[in-house]
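Peer 1: Take a look at the letters that make up each chain.
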Amino acid sequence: MTLHGVGASAGIGIGTAVCVREQNLDYTSVPFSGAEQEKARLRAAADLFTQRTQAMADDITNRLGEAEAAILTGQIMMLEDPFMLSQMEEAIDAGKCAEEALDTVCQTFIAMFSGVEDELMRQRAADIGDIRTRMLGILLHAESVDLAALPEGTVLVVHDLTPSMTVSLSKEHVCAILTEVGGQTSHSAILARALEVPAVLGVPGLLDAVQDGMTVAVDGTEGAALLCPDEATLAAFQARRDKWLEERALLQVYRDRDTRTADGRHVDLYANIGSVADAKAAAEAGAEGIGLFRTEFLFMDRTALPDEEEQYQAYAQVSDLMAGKEVIIRTLDVGGDKGIAYLEMEREENPFLGHRAIRYCLDRPDLYRVQLRALLRAGARHGNIKIMLPLVSGVEEVRGARALLEECKTQLSAEGLAFDPHISLGIMVETPAAALIADLLAREAGFFSIGTNDLTQYTIAVDRGNAKVEKLYTCYHPAVLRSIRSVIAAGKAAGIPVGMCGEAAADPRMIPLLLAFGLDEFSVSPSSILAARKQIADWNGPDALRTAEQAMALDTAAQVSDFLAQASASL
Amino acid sequence: MVSAKTTIINPMGMHMRPAQLFVKTITPFGCDVTVIANGREINARSIMNLMAACIKQGTEIEICCNGSNEADCLKAAVALVESGLGE
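From first to last, the protein sequence lines are chains A and B.
When you line the first sequence up against the UniProt record's numbering, it's residues 1 to 571, in that order.
When you line the second sequence up against the UniProt record's numbering, it's residues 1 to 87, in that order.
FYI, nobody ran anything at the bench for these hints, they're computed from the structure.
This structure is a prediction, so every number in the text was calculated from the model and none was measured.
A portion of the hints provided could be inaccurate.
Unchecked claim - Covered stretches of chain A (in silico footprint by chain B; criterion: 3 or more residues with CB under 8 Å from a CB of chain B, positions within the stretch not fixed): (1) 79-87; (2) 101-113.
What the hints assert, rightly or not - Pairwise CB distance ranges, derived in the manner of DEER restraints: (3) A/P421 <-> B/E87: 24 to 32 Å; (4) B/T7 <-> A/D58: 32 to 40 Å; (5) B/T34 <-> A/H422: 39 to 47 Å; (6) A/G205 <-> B/E41: 32 to 40 Å; (7) B/M1 <-> A/E309: 27 to 35 Å; (8) A/H422 <-> B/T59: 24 to 32 Å.
Unchecked claim - Facing chain A, from chain B, some residues (calculated, C-beta under 10 Å): (9) T7; (10) P11; (11) M16; (12) A19; (13) Q20; (14) G39; (15) S46; (16) A52; (17) K56; (18) Q57.
Glycine is no exception: its CB is placed at the ideal position from the N, C-alpha and C atoms.
Isolated chain A (complex conformation) (with noise of 0.2 Å):
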């Protein structure tokens, strides 16, 4: 049986499942035996609560340092924080258990720092929750697993991964982590990718098809998980797992390399994101920039839009963890498949040939000017943001954006708010159209970036997500190819730089190509770019010209996928 969700941390990992089932937190038939008793318990609990998660934290800070720590010390003054522990005394003095007072504070805080307009902020909910679960299990004798004595080839299974669980965990006895919720920008993805251990969230129904003790192989690339797998499957596994671990610690040597050919040439390599937390994560993999900031992430999930201050604050704390280096966010893309209830958007025949990103944005002025200000106003910090408008068809769109943008100029100027003037607005190139007039486009754009996925589907005129045509789904088709080599081409005769934030980008046999077509930067995603960076450095100028000339006269996408794999494999 195999089950799916989000790959989240990539890797292999295989062993034998551990369930952490939901514990019973109900406390209706606990009595209440007098404030004194009640405070008495609850103080208890507490000091055991703070004992044992300063016994993890000290663990964490021996393993991973003192910044993976904070959060399990910061948990213990959020905990023992004067004004928190009133108004559970408070509670209980109102009649309350200790349970019931400890429960309707963290609840209010949750509630509070759900509500406040600071992502990162958000995220401390997350702890507070930890933080009532694991004093309601004290104060209840209800207690989880003890994940820092779990055997070594754990696969851990859980409904949901809190901050002191992953860090608890040590890398050496989890192999794998499973969750039923969660998400590629959630905390736990992130602290699962800090600690290299693969990881798929979000698998509907696992704790019910998990059972204790199961063989699991899980594919935290693929977001994968094979429960009792067959033996011949089981040895494909494994060899899968021996050559991920061997490639990975091949890659280490890359983490704080400049990126270059092997005769020397240096490339931009960035990282795609789609959220605050990612930047984080992207800085830490040695990114050198931020090539595709998805913005969509701040309008989703809720009932309104995100105000202008919101919106800086987002762009302004990736470019303070980004400082000094290039940050490319791209406007919101998108149309009536993405559901953004508040938006009212319509359901569309086409939707991906429909009214959406750059289309939409350019008859809703009123809402892509919160988007461009806050954008301005966050440049002003380091001057390294740039503006990426997506799926643009036309000249007409860059200059419908970029009298919108100097309209904002105007009003933050009248205001007196700082903002930078120089700002540089680019393209996504990824329409047939675009490509087409590239030449056309570069006139009017401070720079390019391909997004090759995109590009493939509407240049092929495939749908992949249709099974019976994704076949044809294939960066490798000559027209693709040809369509990258001329937008490249183009973008350097007007002396504008070009990018690439597609899947193409960390793909092993596209990338000689895009080095001799004269690709200025690679953005990939945080956890491609240690690979990338080695493959990047594999090829020197004059193999790659010969690959790509010898590519480029191929007749079908399957003969270039073949050709080029044997490329990159002889080298």
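Since the structure of chain A is already known, use the hints to place chain B on it.
Peer 2: Relative to the frame of chain A, chain B by itself:
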């Protein structure tokens, strides 16, 4: 009571680590400490209130100390903020 104005200079503002450091620094002095930021008065002995106020880089804050060792406490608190709260 003594008070002084200063500006948050560290990039992340009053986040988990800086807030921990701030509370740890002022607590031993034993006086009451209030931080006024964005028009709000915050009891600075409470890490929860300090974080929930979302005090950003570039925000001017006023620190007020009242009680035992208030002058020394103010001096230490201002020096900590000016040094970038450990970031």
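Peer 1: The structure should be examined with respect to each hint, and the outcome stated for every one.
Peer 2: Status of the hints after comparison with the structure:
no. : hint                         : in the structure
1   : 79-87                        : holds (count 4)
2   : 101-113                      : holds (count 3)
3   : A/P421 <-> B/E87: 24 to 32 Å : holds (29 Å)
4   : B/T7 <-> A/D58: 32 to 40 Å   : holds (35 Å)
5   : B/T34 <-> A/H422: 39 to 47 Å : holds (42 Å)
6   : A/G205 <-> B/E41: 32 to 40 Å : violated (49 Å)
7   : B/M1 <-> A/E309: 27 to 35 Å  : holds (32 Å)
8   : A/H422 <-> B/T59: 24 to 32 Å : holds (26 Å)
9   : T7                           : violated (14 Å)
10  : P11                          : holds (4 Å)
11  : M16                          : holds (5 Å)
12  : A19                          : holds (8 Å)
13  : Q20                          : holds (6 Å)
14  : G39                          : violated (14 Å)
15  : S46                          : holds (4 Å)
16  : A52                          : holds (6 Å)
17  : K56                          : holds (7 Å)
18  : Q57                          : holds (7 Å)
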